[in-house]
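Novice: With chain A held as given, fit chain B onto it using these hints.
Respectively, the protein sequence lines represent chains A and B. Here the first sequence is numbered in my numbering, starting from 10 and rising by one per residue. Here the second sequence is numbered in my numbering, starting from 16 and rising by one per residue.
Hints in this document: simulated from the structure, not taken from any laboratory. Be aware that one or more of the hints could be misleading.
[Unchecked claim] Interface residues of chain B toward chain A, partial, derived using beta-carbon atoms under 7 Å:
1) Glu-68
2) Val-98
3) Gly-103
4) Gly-104
5) His-117
6) Lys-120
7) Ala-123
8) Thr-277
9) Gly-278
10) Val-280
11) Pro-282
Virtual Cβ for every residue (Gly too), placed ideally from N, Cα, C.
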Amino acid sequence: MSAGTYTPRPGAAPLPRMIAAQAALETRMLLRNGEQLLLTVIIPALLLVLFSAVDVVDTGAGEPVDFLTPGILALAVMSTAFTGQAIATGFERRYGVLKRLGASPLPRWALMAAKTLAVLVTEVFQVVLLTVIAFALGWSPQGGPLPVLLLLVLGTAAFSGLGLLMAGTLKAEATLAAANLVFLLLLVGGGVVVPLDKFPEAAQSVLGLLPIAALSDGLRDVLQHGAATPWGDLGILAVWAVLGLGAAAKFFRWE
Amino acid sequence: MSSEPVVQARGLVKRYGDKTAVDGLDLEVRAGAVTAVLGPNGAGKTTTVETCEGYRRPDAGTVRVLGLDPVADAAALRPRIGVMLQSGGVYSGARAVEMLTHMAKLHAHPLDVGALVDRLGLGGCGRTTYRRLSGGQQQRLALAMAVVGRPELVFLDEPTAGLDPQARRSTWELIRELRADGVSVVLTTHFMDEAEELADDVAVIDAGRVIAQGSPEQLCRGGAENTLRFTGRPGLDLASLLKALPDGTQAAEITTGAYRITGTVDPELLATVTSWCAQNGVMPDGIAVERHTLEDVFLELTGKELRA
Numbered sequence: 010m011s012a013g014t015y016t017p018r019p020g021a022a023p024l025p026r027m028i029a030a031q032a033a034l035e036t037r038m039l040l041r042n043g044e045q046l047l048l049t050v051i052i053p054a055l056l057l058v059l060f061s062a063v064d065v066v067d068t069g070a071g072e073p074v075d076f077l078t079p080g081i082l083a084l085a086v087m088s089t090a091f092t093g094q095a096i097a098t099g100f101e102r103r104y105g106v107l108k109r110l111g112a113s114p115l116p117r118w119a120l121m122a123a124k125t126l127a128v129l130v131t132e133v134f135q136v137v138l139l140t141v142i143a144f145a146l147g148w149s150p151q152g153g154p155l156p157v158l159l160l161l162v163l164g165t166a167a168f169s170g171l172g173l174l175m176a177g178t179l180k181a182e183a184t185l186a187a188a189n190l191v192f193l194l195l196l197v198g199g200g201v202v203v204p205l206d207k208f209p210e211a212a213q214s215v216l217g218l219l220p221i222a223a224l225s226d227g228l229r230d231v232l233q234h235g236a237a238t239p240w241g242d243l244g245i246l247a248v249w250a251v252l253g254l255g256a257a258a259k260f261f262r263w264e
Numbered sequence: 016m017s018s019e020p021v022v023q024a025r026g027l028v029k030r031y032g033d034k035t036a037v038d039g040l041d042l043e044v045r046a047g048a049v050t051a052v053l054g055p056n057g058a059g060k061t062t063t064v065e066t067c068e069g070y071r072r073p074d075a076g077t078v079r080v081l082g083l084d085p086v087a088d089a090a091a092l093r094p095r096i097g098v099m100l101q102s103g104g105v106y107s108g109a110r111a112v113e114m115l116t117h118m119a120k121l122h123a124h125p126l127d128v129g130a131l132v133d134r135l136g137l138g139g140c141g142r143t144t145y146r147r148l149s150g151g152q153q154q155r156l157a158l159a160m161a162v163v164g165r166p167e168l169v170f171l172d173e174p175t176a177g178l179d180p181q182a183r184r185s186t187w188e189l190i191r192e193l194r195a196d197g198v199s200v201v202l203t204t205h206f207m208d209e210a211e212e213l214a215d216d217v218a219v220i221d222a223g224r225v226i227a228q229g230s231p232e233q234l235c236r237g238g239a240e241n242t243l244r245f246t247g248r249p250g251l252d253l254a255s256l257l258k259a260l261p262d263g264t265q266a267a268e269i270t271t272g273a274y275r276i277t278g279t280v281d282p283e284l285l286a287t288v289t290s291w292c293a294q295n296g297v298m299p300d301g302i303a304v305e306r307h308t309l310e311d312v313f314l315e316l317t318g319k320e321l322r323a
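Bound-form chain A, shown alone:
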């Protein structure tokens, strides 16, 4: 390189370009990670196929796939926005990635916006893939797309808040363990593949307040039963979103 190569010419790139570049990088990191793909793609797809084909749990009246698909979509949102994001962000914090980006021209809020975009892009992939599989299994969805979209977005906000809260406060290894454990517990107890009414009555009222239960119940109301707008479930998700994102904003540690 010749003389004058390094002559200072500083300046931040335009914000939209920075956010787009960051979101693209975050998405590539997500899709390149084998464990993440297992969690976000393979497990939901496998559960959908397995439980539709084999009568393991009593899913009530109607086709199993009509009961299962809304729950699996909720699981897909949780796997990306909560589990995947918590683990990835936890390790980025541990390895100084968040710290290094903190000294770059990219503002912190723009980094978080890019992370959210990456989560949404991944969710679009998931929803497309799972929808194709569900249709192949004979799924016949009811209801309109708008309440579904609203549920998915609020669910993403609620899970992102909780995932970032975990990633920004716990050690990376603790986040890894806890995020996987929570994923497993909510998979079983959140109305994803096992209907909530299989649980004792006292447990049902508590489990129904979980974000995963609100999301799968809301999606099921619309997609299986053709309900208009499940305001109760949307309300629960909104409260989780406000609490989770608020706590994450307050307690998140960048290093």
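Specialist: Structure of chain B alone, referenced to chain A:
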């Protein structure tokens, strides 16, 4: 080029719990110069630099970088500085060139990524993910990330730690090129030779304070004495030699036939010693001048070894 200092720290204090990492530190960094912050591990080098980078809020004192407050004016400052952390800073699954390209995209007028990759010898590992790079490759990538945005001022935290001698030379060369092109450089190091080779100014810090500051030459000269050594016939008459030398010069036979002269070792002194040897039929074998080094300065100032 303005003569305003690019970094100005006054009475800087930073505590972690009840441990004081930086304890009333004053530091000035000249524009366009390479400044080495030199000190042993735990002296407060990284805390000082990270305060300048806006990562730490001082508990007392003030810091101005390019005239800005690194915390309050972070948004204005960040595009103008380049940062190399002591370790990490890259997604473990990102490829070397991918990460560097990404950093370039965050800047308005970045360097040519391909040329920078070649310059730092990262071409062979461009498709390798960060976690599979060697320590030296990770260091060079971090350095490339610090300069790719064409900053006015770069902070390099131990840029050559863990590098082999060849990679170390190449990093030094890049730092010289940065200075030649008008970039101000602040680097931390615990290598004396690095500070002596590279730095225009050295700030020696110990226990969170600057205990000496100046050019390597100034620091080495200050009150310091140099040493001349040679071996010859045992039992030379040193009293007669000393008569020929300036007052204050000392001479001793430290082991049998090994002589040491301390004082202001300049060309005249050397000539006097060799001509005295010639007159006395002595062949001064292995005659050598030992320059006073920063290592000695540090030892004198703190009473301890730098790499303890």
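Novice: Would you list, in rising numerical order, the hints stated earlier that this structure does not obey?
Specialist: Going through the list in order, the structure violates hints 8, 9, 10 and 11 and respects the others.
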